[in-house]
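Let chain A serve as the given structure and place chain B on it in line with the hints.
Protein chains in written order, with the numbering used here: chain A, 1 to 275; chain B, 1 to 275.
Hints were generated in silico from the structure; no laboratory data involved.
Please read all numbers here as calculations on a predicted model, not as lab measurements.
Careful: at least some of the hints might be erroneous.
For chains that are exact copies, the list does not tell them apart, and a pair is met inside one copy or across any two.
[Claimed, not checked] Below are the DMTMM-like pairs computed for lysine to aspartate or glutamate, each with C-alpha atoms no more than 20 Å apart in a straight line:
(1) K268 <-> E56
(2) K200 <-> D137
(3) K268 <-> D46
(4) K45 <-> D265
(5) K268 <-> D149
There are 2 protein chains.
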Amino acid sequence: MIERTICFVSDRTGLTAETLGHSLLAQFGGQHTRTVTMPFISSHKDAQGVVMRINEIALRDGARPIVLSTLVDDDIRAVVRQANAFFLDFFDACLAPLEAELGRQSAHVAGHGVKELGADPAHSERIDATNFALANDDGAGQRDYRSADVILIGVSRSGKTPTSLYMALQYGIRTANVPLLEEDFEQRALPKDLRPHRAKVFGLTISPERLQQIRDERRPGSRYASLAQVEFETRNALDLMNRNQIPHIDVSESSVEEIASRILDRMKLERHIRA
Amino acid sequence: MIERTICFVSDRTGLTAETLGHSLLAQFGGQHTRTVTMPFISSHKDAQGVVMRINEIALRDGARPIVLSTLVDDDIRAVVRQANAFFLDFFDACLAPLEAELGRQSAHVAGHGVKELGADPAHSERIDATNFALANDDGAGQRDYRSADVILIGVSRSGKTPTSLYMALQYGIRTANVPLLEEDFEQRALPKDLRPHRAKVFGLTISPERLQQIRDERRPGSRYASLAQVEFETRNALDLMNRNQIPHIDVSESSVEEIASRILDRMKLERHIRA
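Isolated chain A, as found in the complex (with noise of 0.2 Å):
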C-alpha cells in the first residue's frame, strides 16, 4: 500500500490516467483508496487551481502527492509542474521516443489532445447504437436483426443486456440480443427468425454456480434461482451453441470490456468508434 495520495489531472475526463495510473500502482502492491480526480483543466486559471489543491494535499499528508496526468499543452503542464507533488505524464513521458522515431516534432496542441476513449464527432454513432441496442433488448422490441451487426444469445441473465448496451457506448456497433428459452433447448435449433443471420449470432455461457448466484441476488430462493434450473439452462445452451457451431465465450469471470473486447476480436467486428 502506497501512503500518498494520487491525483490525476486531465485536460478531459481523466479516465486514461486513472486507468493506467491504477495498473501502474497496483505493481507498488494493492489498491490505493486516497484518489483525488481532477478533470477538465484546460485553462491557465484551472491549473493554479490544481497547484493550490495539489499543495494542500501535500501539507495535509505531510508527504508530497503523485501527480498523474494527461496534459497535452505545455504550458498547462508547466504549471501543474510548480506544484509540490511528484509528477508523470504519460502523454509527455511517450511523446520523445514517438518524436525520435517518427523524426518529426509534434504539435504539443491541447485541441488535439487525448481524446479519452472516443470523446470525438461519433456521437450520434454512439447513441443511434445504443437505441439500437435497447429497442433491440431480449428478443423484443424491433427484432430488426437485418441491421444488428452482433447478436447475442444466451440464458436469463447472462449479461447479454449490458454488453450489448456497451457494445453501443464503446464502440457504436449495433448489437441486438435474444434469450435462449426452453423451447429452443427442446428443438436444439436457434430461434426461428434468427436462422437466417446465423453469421452474425454470437453466444455468452456462463457457469450454472455463478448464474445461480446473479439470479438468486436477483429472485432468492426462487426456482429459476435454484441450482436444477440453471444446471438445466446452461448445459442446454451450451449444447445449442456447440450444435449450431455458434462461436461463444464463458463469462463467468469477465467484466463487460473483456466480454465486448473478445466478441469484437472473434467476431472481425469494424469498431465504428475510434477509441
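Frame of chain A; chain B shown alone:
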C-alpha cells in the same frame, strides 16, 4: 499523416493503449487509418503470434510498424520486442520513474496488469447500476428516486438515456432520468415526484439547433422536430432549471463520457467502480 501501421498490443482489452496511442499520434498530424489491435496477449505463444503478424505487416508495408502496448509481463514484452517494429510500452515507460519516486521495485507481474476501465470484481455493481438505469428510464417504470445517486432531467433527446447507461457501466452509479414535459413548463417547477429529491437532480440542456438536428434524424419534418417546438422546449427547460436552482450543463457539443465525467465532478459523486 503517418504512413505506418500502428499496432496496439495488450494483455487485456487494448482500450488503454488505443486511447493513449491515438492521442499521441494525433500530435503528429491527423487521424491514422491503418491500425490493428491485438488484445488478450497473455501467453508466450500469443506473443509469438504477435511477432509473426507484425513481421508480416512490416514486409507488406516496407516500413516497420509502430507497436504501442500495455504489457505488464516482462517475458511477454521481451518476446514482442523481437518483432521488426518500433516498440513503445506505456506501462514500461512509466514504471521506472515511479519506482525511483517510491523507492521500491514494482512487482512486474501480469496478474496486476492494466485493468482496462474497471475490468475487476465490480462487475455486479455495474450490472446492478445498468439494471437500475433501465428500470428508471424516461420517468417510467420503477421511479425509485430514493435509491438513485443522481436524477437527470432534460427535454426529449437531450441524451439522458445514454448518459445514464454510461454512468452505470463506467462508474457503477445509479442514474434515473426524467423527461421535462409541457406540464412542467407550465408550472415552471420540477415534476412532483422529483421535488423531495431535488438535491440529486441534474439538468442536461442543449442548443435548439442541435436538438432539431437530432430530432429531425429521428422524425423528419415532424412538429416534434420543428424549430419552433425545440426553441420552446429548450428555452423553457433552461428557465425551469435556473428558477429551481438545478445545476446543469449544455451537452450540444459533448460526448457521452464527457457529460458523465462533468456530472460526477459537479455533483461530487463517488465512483462505485474504480477506473
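Cross-check of the supplied hints:
1. K268 <-> E56: This pair counts as between: shortest inter-copy Cα distance 19 Å, intra-copy 49 Å.
2. K200 <-> D137: Within one copy, since 16 Å is at most 20 Å while 29 Å is not.
3. K268 <-> D46: Intra 42 Å, inter 17 Å, cutoff 20 Å: inter-copy only.
4. K45 <-> D265: between (43 Å within a copy, 17 Å between copies)
5. K268 <-> D149: Classified as within: same-chain Cα gap 11 Å, cross-chain 37 Å, threshold 20 Å.
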